[in-house]
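Those protein sequence lines, which keep their order, are chains A and B. Sequential numbering of the first sequence, starting at 2, is according to this note's numbering. Sequential numbering of the second sequence, starting at 18, is according to this note's numbering.
Hints are computed from structural coordinates only; laboratory data are not their basis. The reader is advised that the hints may include incorrect statements.
As the list claims (entries may be wrong) - Covered by chain A, according to a simulated footprint, are these stretches of chain B (three or more residues, beta-carbon under 8 Å):
| id | stretch |
| --- | --- |
| 1 | 61 to 70 |
| 2 | 74 to 87 |
| 3 | 153 to 160 |
Don't be surprised by glycine CBs; every beta carbon is placed ideally from N, CA and C.
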Amino acid sequence: MPAPFDLTDDSVVVVIGSGAGGGTLANQLAQKGIDVVVLEAGKRVEPEEHVDDEWPAFNQLAWLDMRTNSGTYRLAEDFPNLPAWHSKCVGGSPVHWAGCCPRFQDWEFRTRTVYGEIPGATLLDWPITLEELEPYYDRAEANMGVAGTHGMPLHQPDNNAKVLFEGARRMGYQKYSTGHYAHNSVPYDGRPATVQDGFCFEGNRSRAKWSPLVSDLPKGEATGHLEVRPESMVLRIEHDDAGRVTGVVYADADGAEHLQRARVVCVAGNAIETPRLLLGSASNLHPDGLANSSGQVGRNYMRHMSDTCWGVFDEPVHFYRGNTMAGIVEDEAYHDPDRGFVGGFYMETIHLGPAFMASFMNPHSWGRDFTELMDAYENFAGMWLVGEDMPSATNRVTLNPDVTDQHGLPVPNVHFDDHKNDIDMRDYAADRARTLYQAVGAVKTIRTPPFPASHNMGTARMSERPEDGVVDRWGRAHDVPNLFVSDGSVFTTGAAANPTLTIVALAIRQADHIAEQLAQQAL
Amino acid sequence: MTTQSVGLDGQVSEEGGIRVADAAVAGQRLDTDPDRTGGLADLRALDQGTARALVSMTRAMYPHDRLPDVHYERVVAALDEKAAADARMRILLTEGVGWLATTTGRYPSEFGGLPEAAQVAALTRLQETPFFQAVAAEVVVNLYSQHDVWPYFGYEGPSTDEGGYLHRGFDDVDWLDDAPDRRDAPVAETIGDERDGDEARIQTEAGQARSGEED
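So that you can see chain A by itself, here it is in the shape it has in the complex (with noise of 0.2 Å):
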């Protein structure tokens, strides 16, 4: 039956949230002639509507419903009502995110071996290993169309990567470049090459950057088998007393509550609202939340390692000129416990306009301490420092019983405590980033607290044993057999990487799974 499908129509695949998981997923499944009804909790906006401004675009794609935050960490304190910055809108986080590539490293599926028993880590090995997943990567790449990837050649560096590349090399690195892009160096796919907007986190007015919106959603519609229903909040998944899970509840527009029945529901909301959604999907059969008789839904939340640094310099560097992170140092993303710290970063390049840079660069400053470094905005270069993060118990997602969102339900509440070995590589990659700057000239440098975390993980982690973990090596709940898990959630440890390519292999993985248990009446 082509789209758009029934609400009674149990045949059908769930899919709730449309980025870089979900979207790709659905895709994939719609491709094999499987019918998908993705529910977005987000509005449709095409690139068109885009807009070339901080906070109109952050306004138009953020995810603002209401969120607490808790623990030491400083975001607490700047940003209590905003521990994430990821999207609500069709197509999800790509449509914010900048386009950074890089694929885990091997050992990084392997850090409870390699680092050992770390105090205040709940460390584990990811059930996989990259070369199970390296060809799944090599069909991401070419999905998502990856400058630097398949044929597809390097960004020319912009102003910003050319300060980085020149503050690399006389530090005597060796690997910098504007590094696999998911945004076009060349036309690819129907889409155009990049025109050096400068705009990637305010979505991409020009299309040239992927995201589910612009080509997994309309490719996977196109074939009929797809339905993306927008502005559809699942309030919670409900399940047969054989504890097979049999639809969603989601809220429209309008509030109006609906059922959608499904064969299979996937969760890929983002590591915040895929955990919150289990969490608030308890029932007599599951009483601590959907698929958590492991206790581990919502646990282990990481953010990724993240500190900013802005060089000042004697001369314009215009570094908002241009793709908004093409530009990253890899000689850092290594493991060598001599440096004091697990674990590796990169160094990735950043701008931000007047707007956000007020915003973020060091909130509570004021005076002429403030305005003098914003008077400099035309010399500053940046770049972001992102590196693994270690897993805890303690940093979780829960529901917050005193807080409640428009449609009456608890909101999550995010608890982070930085881990000593995060303070510690932090520090590092600080001091390794402002003598970079100082190498090429730098008269002043800014270390910028964490931004409110763009790379949300582990909150449904994936395990080889059901006490140890969410769901399984395909992302499919221990506790549910038709139930799946489909984001960054499922992230057993972070790695140093940007995770979203690792999100897209594993959607990819996990589409060829259903379908082939589809095939074979196993689900």
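Keeping the supplied structure of chain A fixed, place chain B upon it in accordance with the hints.
Frame of chain A; chain B shown alone:
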């Protein structure tokens, strides 16, 4: 520690979400009306004296000597709109301006004429108050979002409809070969990750107070 911080928080909408939209949208709308001088001619909730004192205060908090008053006036116009929509905000702003008098011993209308060091001293005493923080939040989001302040910072703004920066200098930086290596030089660092109060958080070599006359 601070009870309410600058930035995105504390702007809870009726739906229970964050309402950054208010300030950003207000800034944008004002920008699209080139004839609007800042909006202090048609105040809705604040009186002229309070609004004028707030203009002086916002400039003292975020001093950009090159920026004309109109940009600060727009921030105050946005505060006025919030005060018109929310009586608590009106009281907060009105009483807060009164505190300027308390902390300086001068009428609020005289605040802008005080030496910069005296302005900063008064504001430092107020910086933990909800009044100060509400004003700061508005300035940070609104002032730097005004399209016509961007040229003062060397920022060219929206680009896609101009063909991006591909043919407008995206890779034109040309001084790198001659850039000095300053790894052994004393280089000022501002660290935004210290929690021991605002004084410890800012470690720059920049002067604290100087006369407001230089350009």
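So, going through the hints one by one against the coordinates:
{"no.": "1", "hint": "61 to 70", "in the structure": "violated (count 0)"}
{"no.": "2", "hint": "74 to 87", "in the structure": "holds (count 5)"}
{"no.": "3", "hint": "153 to 160", "in the structure": "holds (count 4)"}
Violation of the numbered hints given earlier is confined to hint 1; every other hint is satisfied by the structure.
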